[in-house]
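Q: The lines below spell out each chain.
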Amino acid sequence: MVRCMLIPLLLSAACGGESTETTSKPTDQPVATAAERGTTIKFDPATLRAEAVRIALVPSPAEMQKALSNAGLTSQLAQMVDVRDIKMTGNNKDQTAVRAGVVLADIVLTIKASDDVAQLTRLARLKQGFVALGADESVSRVIDDLSGRIRSGSGSKDDLVKEMDQLAGVMVPELKFTEGGEGLIPLIQAGSWLEGAYLVSGAIQAEGKFEEARNLLKQPAVVDYFLGYVKKEGKERAPDAVVDTLEKTLTTLKEIAAKDDLTEEDVNIIHSATGAVLKLL
Amino acid sequence: MRFLPLVALLATSGVGSGVAVADEEEADTCLRNKIWSGYNDGWAVRTATTATLGAGEHRIYLVTLYAGNEYRIQACGDNSSNNLDVVLHDANGTEIMRDESVDREPLINFKPSNTDTYYIAVYAAVLASGQSKAGVATAVTYR
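As given, the protein sequences belong to chains A and B, one line each in that order. For the first sequence, counting from 1, position 115 maps to 115 in the working numbering; every step adds exactly one. For the second sequence, counting from 1, position 83 maps to 83 in the working numbering; every step adds exactly one.
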């Protein structure tokens, strides 16, 4: 019998690309015997494709900011996030998931830069969204804890950044829901990724560094992953302006991602198409 | 000193004596400590997840990695594991690199020159004597 329990651990802790740099852990151990080392397994492409899980497929908005900086762009996405209050109203869970994802991205990006009132508002909205989605209550407890520490001024901004990383990158991809929930996590991730793509394309436009667009925006596997869920959900769901627009946007992004390289026009289309979804929220 | 809303307690129980109990929590704690200490060197976490693997079993993860970012792929096994391997492949399935150490905390660093998808395989090469399952936690961090 195997029993799985997803629980939050509110723990204190001490705490085709070719590679340009690759290192593995130094092997300063004595030479291992075959028995100690075990079989050296090789994975064929068919096995990789068939068995791969996509829990880590979608990059986080914070990772997008890092990629932007490493590509030599100076824009700070945190300063580009629109000031808005995205409400978690309505009965459509797909739309709520997208909304929650956008808010989550905004929190991750601005946790260090924005004022406490703005962050508390966003955290409250995020909690409302997760509650509306029927997410495991552990995520609400984590948000309450974060909000409490912002209110009390305890803990550093750096620590909050880490904890939001954990929430967005570790906890959300494995969220459980009281009922259903199939497809909600990809839609939350889609909301976050969409906000990140909108901001990154805006940064490329602002700095005119269109030659970096391929490495910063071309992610066909991510788009396919989202599109698969949006289309699957679409067969069963009622018409919804946000999700319908999301599907159109993803279809446009899929066409662009199929190109070898991205042009200025492609970046403009990405910015416009992702913005079309965000404007509806 | 901060909490980490990381996952996971997986309790397994077998039938009969001598059946191993994989401890994902132990693996998770090991990995969590590595993630937290990594922040001191500029690493941030993309994701972390846990699994229970039998001898010779594996998990495969599809990830998007950005050009210019540096990535660290690492895993921790519980006491039931003796040698875990991490193997990185490109989008075509070609092996790029693998951890060569013989222990239960494999690690590889990778800095792609192109943004693309990659496959990460985590493989339980050797379990401890008498053990049939091991808890394994895997993380992708970046800077």
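The set of hints was computed from the structure by calculation and includes no laboratory data. Since we're looking at a predicted model, the values are computed, not measured. We put the beta carbon where it would ideally sit given N, CA and C, even for glycine. One or more hints might be untrue.
[As the list claims (entries may be wrong)] Below 20 Å or equal to it, Euclidean Cα-Cα: the simulated SDA-like pairs (lysine to any residue) are:
1. B/Lys111 / A/Thr22
2. B/Lys111 / A/Lys112
3. A/Lys157 / B/Gly93
4. A/Lys112 / B/Gly130
5. A/Lys112 / A/Gly90
6. A/Lys42 / B/Asn92
7. A/Lys66 / B/Arg98
8. A/Lys25 / B/Lys111
9. A/Lys42 / B/Cys30
10. A/Lys25 / B/Cys30
11. A/Lys25 / B/Glu105
12. B/Lys111 / A/Lys157
13. A/Lys209 / B/Asn114
14. A/Lys42 / B/Gly56
15. A/Lys66 / B/Tyr39
16. A/Lys157 / B/Glu95
17. B/Lys111 / A/Gln79
18. A/Lys66 / B/Gly42
19. A/Lys112 / B/Gly42
20. A/Lys157 / B/Asn40
21. A/Lys112 / B/Gly56
[Unchecked claim] Some residues of chain A that are not near chain B, with every Cβ distance over 12 Å (derived):
22. Ala34
23. Ala46
24. Met64
25. Ala71
26. Gly72
27. Lys87
28. Thr89
29. Gly153
30. Asp158
31. Asp159
32. Phe177
33. Glu179
34. Tyr229
35. Glu264
[Stated by the list, open to error] Simulated coverage check for chain A against chain B, where a stretch passes if three residues somewhere in it have a Cβ under 8 Å from a Cβ of chain B:
36. 98-111
37. 161-175
38. 183-191
Q: With reference to the structure, classify each hint as holding or not holding.
A: Against the structure, the hints:
no.	hint	verdict
1	B/Lys111 / A/Thr22	holds (6 Å)
2	B/Lys111 / A/Lys112	violated (26 Å)
3	A/Lys157 / B/Gly93	violated (40 Å)
4	A/Lys112 / B/Gly130	violated (49 Å)
5	A/Lys112 / A/Gly90	violated (30 Å)
6	A/Lys42 / B/Asn92	holds (14 Å)
7	A/Lys66 / B/Arg98	violated (25 Å)
8	A/Lys25 / B/Lys111	holds (15 Å)
9	A/Lys42 / B/Cys30	violated (27 Å)
10	A/Lys25 / B/Cys30	holds (16 Å)
11	A/Lys25 / B/Glu105	holds (9 Å)
12	B/Lys111 / A/Lys157	violated (28 Å)
13	A/Lys209 / B/Asn114	holds (16 Å)
14	A/Lys42 / B/Gly56	holds (12 Å)
15	A/Lys66 / B/Tyr39	holds (14 Å)
16	A/Lys157 / B/Glu95	violated (39 Å)
17	B/Lys111 / A/Gln79	violated (27 Å)
18	A/Lys66 / B/Gly42	holds (11 Å)
19	A/Lys112 / B/Gly42	holds (15 Å)
20	A/Lys157 / B/Asn40	holds (14 Å)
21	A/Lys112 / B/Gly56	violated (44 Å)
22	Ala34	violated (10 Å)
23	Ala46	violated (8 Å)
24	Met64	violated (8 Å)
25	Ala71	violated (5 Å)
26	Gly72	violated (9 Å)
27	Lys87	holds (25 Å)
28	Thr89	holds (26 Å)
29	Gly153	holds (15 Å)
30	Asp158	violated (8 Å)
31	Asp159	violated (5 Å)
32	Phe177	holds (15 Å)
33	Glu179	holds (21 Å)
34	Tyr229	holds (15 Å)
35	Glu264	holds (18 Å)
36	98-111	violated (count 0)
37	161-175	holds (count 11)
38	183-191	violated (count 0)
The structure fails to meet hints 2, 3, 4, 5, 7, 9, 12, 16, 17, 21, 22, 23, 24, 25, 26, 30, 31, 36, 38 from the earlier list, while all remaining hints are met.
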